[in-house]
Amino acid sequence: MTAGAAALLLAQVSLGVEHLHFRTAETELNRDNVLGLSEGANLLRGTASVRASRGAARVVFRGVAERRFGFGEDETELAVREAYLQVGGVAGFVRGGRQRVTWGSGFAWNPTNRLEPPKNPLNTGLEQKGVLALRGDWSPTKAATLTVVAARVETRPGDLPIALTSAKKNGGAGRLALLVANTDVAAVVSVRQERSPLFGLDLARGLGAGLTAHVEAALYRGSELAPPRQETFVRMAAGALYTRGESALALEYFHNGEGYGDRERAAWRAALKAAPVISLAYLAAAATPYSGLGLGRDYVHVSWTRSVANGRWGLSMRAVASVTDGGVTLTPGVSYAPSGRVTVNADGLLPLGPADSEYRLAPVRGGLVTRVKVSY
Amino acid sequence: MCEVLLGVWLAAASAAATPDAVTILEKAERSVLGEQAAYTLRMTVVRPKKPERVVEMKGWKKGDALGLVRYTSPPKERGTAYLRNGENTWMFLPAAEKVVRVGDKQNFGGGDFQNSDIFRLSLAADYDPTLAGEETVDGEACWLLELKAKDRSVAYDRVRYWVRRDGTYFPVRAEYYTISGKKLKWLTLAAVEKLGRRARPTALTMESALDAGAHTTLRFLTIDDDVKLDDRLFTTSALERGE
Numbered sequence: 003m004t005a006g007a008a009a010l011l012l013a014q015v016s017l018g019v020e021h022l023h024f025r026t027a028e029t030e031l032n033r034d035n036v037l038g039l040s041e042g043a044n045l046l047r048g049t050a051s052v053r054a055s056r057g058a059a060r061v062v063f064r065g066v067a068e069r070r071f072g073f074g075e076d077e078t079e080l081a082v083r084e085a086y087l088q089v090g091g092v093a094g095f096v097r098g099g100r101q102r103v104t105w106g107s108g109f110a111w112n113p114t115n116r117l118e119p120p121k122n123p124l125n126t127g128l129e130q131k132g133v134l135a136l137r138g139d140w141s142p143t144k145a146a147t148l149t150v151v152a153a154r155v156e157t158r159p160g161d162l163p164i165a166l167t168s169a170k171k172n173g174g175a176g177r178l179a180l181l182v183a184n185t186d187v188a189a190v191v192s193v194r195q196e197r198s199p200l201f202g203l204d205l206a207r208g209l210g211a212g213l214t215a216h217v218e219a220a221l222y223r224g225s226e227l228a229p230p231r232q233e234t235f236v237r238m239a240a241g242a243l244y245t246r247g248e249s250a251l252a253l254e255y256f257h258n259g260e261g262y263g264d265r266e267r268a269a270w271r272a273a274l275k276a277a278p279v280i281s282l283a284y285l286a287a288a289a290t291p292y293s294g295l296g297l298g299r300d301y302v303h304v305s306w307t308r309s310v311a312n313g314r315w316g317l318s319m320r321a322v323a324s325v326t327d328g329g330v331t332l333t334p335g336v337s338y339a340p341s342g343r344v345t346v347n348a349d350g351l352l353p354l355g356p357a358d359s360e361y362r363l364a365p366v367r368g369g370l371v372t373r374v375k376v377s378y
Numbered sequence: 082m083c084e085v086l087l088g089v090w091l092a093a094a095s096a097a098a099t100p101d102a103v104t105i106l107e108k109a110e111r112s113v114l115g116e117q118a119a120y121t122l123r124m125t126v127v128r129p130k131k132p133e134r135v136v137e138m139k140g141w142k143k144g145d146a147l148g149l150v151r152y153t154s155p156p157k158e159r160g161t162a163y164l165r166n167g168e169n170t171w172m173f174l175p176a177a178e179k180v181v182r183v184g185d186k187q188n189f190g191g192g193d194f195q196n197s198d199i200f201r202l203s204l205a206a207d208y209d210p211t212l213a214g215e216e217t218v219d220g221e222a223c224w225l226l227e228l229k230a231k232d233r234s235v236a237y238d239r240v241r242y243w244v245r246r247d248g249t250y251f252p253v254r255a256e257y258y259t260i261s262g263k264k265l266k267w268l269t270l271a272a273v274e275k276l277g278r279r280a281r282p283t284a285l286t287m288e289s290a291l292d293a294g295a296h297t298t299l300r301f302l303t304i305d306d307d308v309k310l311d312d313r314l315f316t317t318s319a320l321e322r323g324e
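Going down the list, the protein sequences come from chains X and Z. Counting along the first sequence from 1, when you hit position 257 you're at 259 in our numbering, and nothing is skipped either side. Counting along the second sequence from 1, when you hit position 3 you're at 84 in our numbering, and nothing is skipped either side.
Hints in this document: simulated from the structure, not taken from any laboratory. Please read all numbers here as calculations on a predicted model, not as lab measurements. Don't take each hint at face value.
Restraint ranges, calculated between C-beta atoms of paired labels, are given here [as the list claims (entries may be wrong)]:
hint: 1; chain 1: X; residue 1: Tyr255; chain 2: Z; residue 2: Arg239; range: 31 to 41 Å
hint: 2; chain 1: Z; residue 1: Thr211; chain 2: X; residue 2: Val92; range: 54 to 64 Å
hint: 3; chain 1: Z; residue 1: Ile260; chain 2: X; residue 2: Ser198; range: 48 to 58 Å
hint: 4; chain 1: X; residue 1: Ala189; chain 2: Z; residue 2: Ala222; range: 35 to 45 Å
hint: 5; chain 1: Z; residue 1: Glu256; chain 2: X; residue 2: Arg197; range: 54 to 64 Å
hint: 6; chain 1: X; residue 1: Ala50; chain 2: Z; residue 2: Thr211; range: 32 to 42 Å
hint: 7; chain 1: X; residue 1: Gly350; chain 2: Z; residue 2: Leu291; range: 42 to 52 Å
hint: 8; chain 1: Z; residue 1: Ala222; chain 2: X; residue 2: Trp140; range: 17 to 27 Å
With the C-beta cut set under 10 Å, the calculated list includes, among others, these residues of chain Z facing chain X [what the hints assert, rightly or not]:
hint: 9; residue: Val126
hint: 10; residue: Pro156
hint: 11; residue: Thr211
hint: 12; residue: Gly214
hint: 13; residue: Glu215
hint: 14; residue: Thr217
hint: 15; residue: Gly220
hint: 16; residue: Leu276
hint: 17; residue: Gly294
hint: 18; residue: Leu310
Where is the CB? At the ideal position from N, CA and C, for every residue including glycine.
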């Protein structure tokens, strides 16, 4: 192969290092330090990504080698975040392999996306692992796109100081997205083994003067959070984005219909306290906050980002507050790009609020995520 | 008597030779990029006492409503893309692999152009032009157009727009004003050279009245005027799919 042909084929290579440091503690979710966490638990990762395209075909690979320190049983793990082949034309594309399904207008929560683990609302900038899926997009007109996905659904969130097992189920979804009267309108139907179908509706539009607004809602039967409840639940993320100059301000409210109110929360904490530490009942209760889209019923997400020094520096402040229990987690961040190839990100994690609030019950007292990426 | 008649005839001929303001504006806009085009562009953002920021991108436009731009350089920003369809603008964030709706007033690529400057593809659609006179700008005889916003949805209430009178209809300069009459920034179109099938201004520099010395230059590197673009290139699915 000539150098010219190789250049056509290989579009982008990135190498990176990610370090996640967690300051941990014994809490109700880590009674007697059952998780075996050191005071400072660390995840160290090397990342590599390759994106190559030629003609209508594209190949993407993103992998990570992760070493855990201070997690009881320290171990090294190799994982593929994404590896897919995409073939497409002007009318659409087909993509097969491990991939992200990132639909939904919500910033921190996407209730219509039940095919992949929920993103971390405390830091939506973290890269996530995709799911094994076959996806097809078809656009019959410039204002309509039909997306169909068959996936091996995974529900385990990443970047946690706790190793959770993930139940994998077969699932699929269809999404029809339309542009109607300058409004994005999308209808979603999502199915998964052993669960009732989810029906979703997603609306987004510009309001002028740099403001956009969105509502993403899902209706489904059967709870994801324990205990099993055969009721119909609604989840909804509604928010707005204001952009002006170098700054962006985002605000989002999230209602999780199956989230715990005061009574359910008290029952959950009682079960957590009553269960022996070394028992499946305790581990199940301790994993509960990570099994859905948070433990509480109502949350608010606020984020502010600003680019300074001609794009070299970026500042951000994110906050997620649980209206249910008064807990707040702040995620301040800074990014630096010393050249066009290198980016450095550092994001803090600071749980605040009442001692019995969701974020304070978790074994993480604070965190620092540092990422360096070099792109070619 | 003959002199009087000749004078009247010359005045009438001159009036007939001056197109109306709408025609001037439409021809001026088409003189840079035609009905359909595919192009590559280099954007240089200059801020006093700070390093230059240079971004290269590929773009496509169709008519007054459809536009798509993808960053190709520097490597850390490759894949970032903007889509315009009518009144709507979306941005694709490659790290998050997510399409997000954005507002018109966001600075495009961190420079002095706003999204609306890049993607609001037809001034003629958004402004009522009137011919305000004739002036010489940078040695070129120009028509001066006063553009008044048709409604409040656009970024600027008033635009002063100079267009060459030599038959090329090349725009030379534009000044953008707030509703209170304050000049926000001005655009200079220069470096006329043959690119694609014809000559045109190839360097567009926007300077801010609010930040002395700050300016952003968009320099066309290539233009393909013969491209035939399918409307479905301008969908959010295509934005996410990539090239």
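task: Taking the numbered hints from earlier one at a time, note which ones the structure violates and give those numbers from smallest to largest.
output: Numbers 2, 4, 6, 7, 8, 11, 12, 13, 14, 15, 16 and 17 - these are the hints that the structure violates, sorted from lowest upward.
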